[in-house]
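Q: Protein sequence lines correspond, in order, to chains A and B.
Its first residue numbered 1, the first sequence is counted upward by one per residue in the numbering used here.
Its first residue numbered 1, the second sequence is counted upward by one per residue in the numbering used here.
No lab work stands behind these hints, which were simulated from the structure alone.
For each residue, glycine too, the CB sits at the ideal point set by N, CA and C.
Just to be clear, a hint being listed does not mean it is correct.
Stated by the list, open to error - If the Cβ cut is set under 7 Å, some of the chain A residues that face chain B in the computed set are:
1) Phe52
2) Leu68
3) Leu109
Claimed, not checked - Covered stretches of chain B (in silico footprint by chain A; criterion: 3 or more residues with CB under 8 Å from a CB of chain A, positions within the stretch not fixed):
4) 112-122
5) 258-270
6) 281-287
Chain by chain, the residues run as shown.
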Amino acid sequence: MLMTTLILGLVLGGTYALLALGLTLQYGIARIMNLAYGELTLAAAFLVVAFFQGAGLSPLLSLPAIALAGYGAGWLLYQVMMRPLVARSGGSGRLEVDSILATFGLLFLIQGVLLVSFGADFTSISYLDRGVSVLGVSVALNRLIAFGICILAGTALVTALRTTSWGLRMRAVALTPGSAPLVGIDVNRVARQGFALGSALAAIGGASVSMYQTFSATDGVVFTMKALVIVIMGGVGNVPGALAAGFALGLLETFVATAIDPGLTLAATFAIFLAVLLWRPQGLFGARS
Amino acid sequence: MIRILLPLIGLALLTVLPNYISDYGLGLLIGAATYVTLASAWALFSGQTHYISLATVAFYGTGAYTVAVLNEALPYPAVLACAALIGGAMALVVGLSTLRLQGVYFVIFSFGLAELTRQLITWYEVNVTGTLGRYIFLDITTRQIYWQMLALGAATLALTAWINRSRLGLALRVIGDDETVAAHSGINLARTKLIAFVLSAMILTLAGAITSPRYVYVEPAIVFNPTVSFLTVIMALLGGANRLWGPALGAVPLFLAFEYLSSNFPDTYPIFLGLLFIGVVFLVPNGLLAKLETLTARKAPQTKEART
Numbered sequence: 001m002l003m004t005t006l007i008l009g010l011v012l013g014g015t016y017a018l019l020a021l022g023l024t025l026q027y028g029i030a031r032i033m034n035l036a037y038g039e040l041t042l043a044a045a046f047l048v049v050a051f052f053q054g055a056g057l058s059p060l061l062s063l064p065a066i067a068l069a070g071y072g073a074g075w076l077l078y079q080v081m082m083r084p085l086v087a088r089s090g091g092s093g094r095l096e097v098d099s100i101l102a103t104f105g106l107l108f109l110i111q112g113v114l115l116v117s118f119g120a121d122f123t124s125i126s127y128l129d130r131g132v133s134v135l136g137v138s139v140a141l142n143r144l145i146a147f148g149i150c151i152l153a154g155t156a157l158v159t160a161l162r163t164t165s166w167g168l169r170m171r172a173v174a175l176t177p178g179s180a181p182l183v184g185i186d187v188n189r190v191a192r193q194g195f196a197l198g199s200a201l202a203a204i205g206g207a208s209v210s211m212y213q214t215f216s217a218t219d220g221v222v223f224t225m226k227a228l229v230i231v232i233m234g235g236v237g238n239v240p241g242a243l244a245a246g247f248a249l250g251l252l253e254t255f256v257a258t259a260i261d262p263g264l265t266l267a268a269t270f271a272i273f274l275a276v277l278l279w280r281p282q283g284l285f286g287a288r289s
Numbered sequence: 001m002i003r004i005l006l007p008l009i010g011l012a013l014l015t016v017l018p019n020y021i022s023d024y025g026l027g028l029l030i031g032a033a034t035y036v037t038l039a040s041a042w043a044l045f046s047g048q049t050h051y052i053s054l055a056t057v058a059f060y061g062t063g064a065y066t067v068a069v070l071n072e073a074l075p076y077p078a079v080l081a082c083a084a085l086i087g088g089a090m091a092l093v094v095g096l097s098t099l100r101l102q103g104v105y106f107v108i109f110s111f112g113l114a115e116l117t118r119q120l121i122t123w124y125e126v127n128v129t130g131t132l133g134r135y136i137f138l139d140i141t142t143r144q145i146y147w148q149m150l151a152l153g154a155a156t157l158a159l160t161a162w163i164n165r166s167r168l169g170l171a172l173r174v175i176g177d178d179e180t181v182a183a184h185s186g187i188n189l190a191r192t193k194l195i196a197f198v199l200s201a202m203i204l205t206l207a208g209a210i211t212s213p214r215y216v217y218v219e220p221a222i223v224f225n226p227t228v229s230f231l232t233v234i235m236a237l238l239g240g241a242n243r244l245w246g247p248a249l250g251a252v253p254l255f256l257a258f259e260y261l262s263s264n265f266p267d268t269y270p271i272f273l274g275l276l277f278i279g280v281v282f283l284v285p286n287g288l289l290a291k292l293e294t295l296t297a298r299k300a301p302q303t304k305e306a307r308t
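Isolated chain A (complex conformation) (with noise of 0.2 Å):
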């Protein structure tokens, strides 16, 4: 029972630690709350199924395509739309408001087409549903491809990050957007770069959760919440500590799934959060500033 949950709880949470990822460099590197990001996921995850449904093209094989789709929108999105906020704002706070408001209504306007293309029912498939034995745990073999996929991502993404020079540049522009022009940076080209990239990371999260769960065209604001809580808890901008606290918050999910009622999920998730908020508001891993 204990191992079950702790099994589950843990692909849960991969999934989990990448969404949470794309999110904090979105914010970290490009300072934009996305509260569009589970809208992204979303709809990578329907395009996967209508590949797979229409096509029979195996999500696998979609997936690159649907990563490197996810970079070219994000990429797309930060330069028609962000860009120019960025821009008007001048550094100031103004871009924190502005850029919540315009997401806030890139979340509609993609739930909207959402619905409209692909209606309003749950949708799921079937892909590789059959049970593999996990340390005598049964787990379905698709939610174990889903957690090998996020942890390819995550391992790949945080190796660049520490030891290549894009990764230094990312870095610098995330710590101190001021003075990385000093040193040579183009500010706006590693922005642009880091939101991309997060919505790259959305759009393969959205293609892991396509292959084991049942989701809807309205769900997308579930899967920003719980990125956001992930991001809070680990620490704005901190890499690691978005993976630590992603599958924290998937073992404690299934946990109070399991052992409590699954209609809690969100409120231990938020009680969580607002634990964090009130004790550590820097995040769990965060240095005290």
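For chain A, the structure is supplied; the task is to place chain B on it using the hints.
A: What follows is chain B alone, placed relative to chain A:
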């Protein structure tokens, strides 16, 4: 003088209006009055401080649900008082935990607050009281609901006007402009924000309580409809959230437009809402009233030049 007289005449006209319109018209009038109240109450806190609250329906729904639970146990005025107190207490808890922090934490928390309240009430009703959904049988006519809402709306505007002239209003404006400056000039940030947030939440809760008899049947999924929160925000922003009459100006046309859209184009309705949000942020970031002022200000010198 005229700034006080004109609204009073308007209020008098609106009070006698139900005598001359159909039941359908009265329904629309109640809806418009409700949204004017909600948008103005929302702007009372969020307009000046720029702390975007997405939790309007958490308070509105709590008000409606309070009436549903207490309507047979207590006399009506006591029920309303209870609703306002519960809303205020809720705002106090939320505000104490989030308003000390950066604005973004507050936005995120308010984003999920309505869903959280809905889940908690649903869970409590299903597991503890064993009933989901309640009926409200109150001896209140539609007209009485309208007059109550009109009074609440007028009180909200009067309160906002008074706050704008008081020290509290000045403190809120400074906080909205720059929190660091506000802290250095001796403003108690957390207390100021908390007072405004609790006042605004009490009005929102009362608005929910007053309209609740129109629902007759109340369950969490009905009264905690998140669209109410989003409409309130966009209405206040469209008119101009930091002006006294801005939210009211945005609320009336948008309420009518969305009433039409939601009955005729229910599927594409979110797309309109989304485009509207994006349009307001890009085209009229300070609201229509401010836009109007800059337009007339630009025109004025030109006419002066033409004269000379």
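Q: Look at each hint and say if it fits the structure.
A: Comparing the hints with the structure gives:
1. Phe52: Result: violated, 24 Å to nearest chain B Cβ.
2. Leu68: violated (25 Å)
3. Leu109: holds (3 Å)
4. 112-122: holds (count 6)
5. 258-270: Result for this restraint: holds, n = 4.
6. 281-287: Result for this restraint: holds, n = 3.
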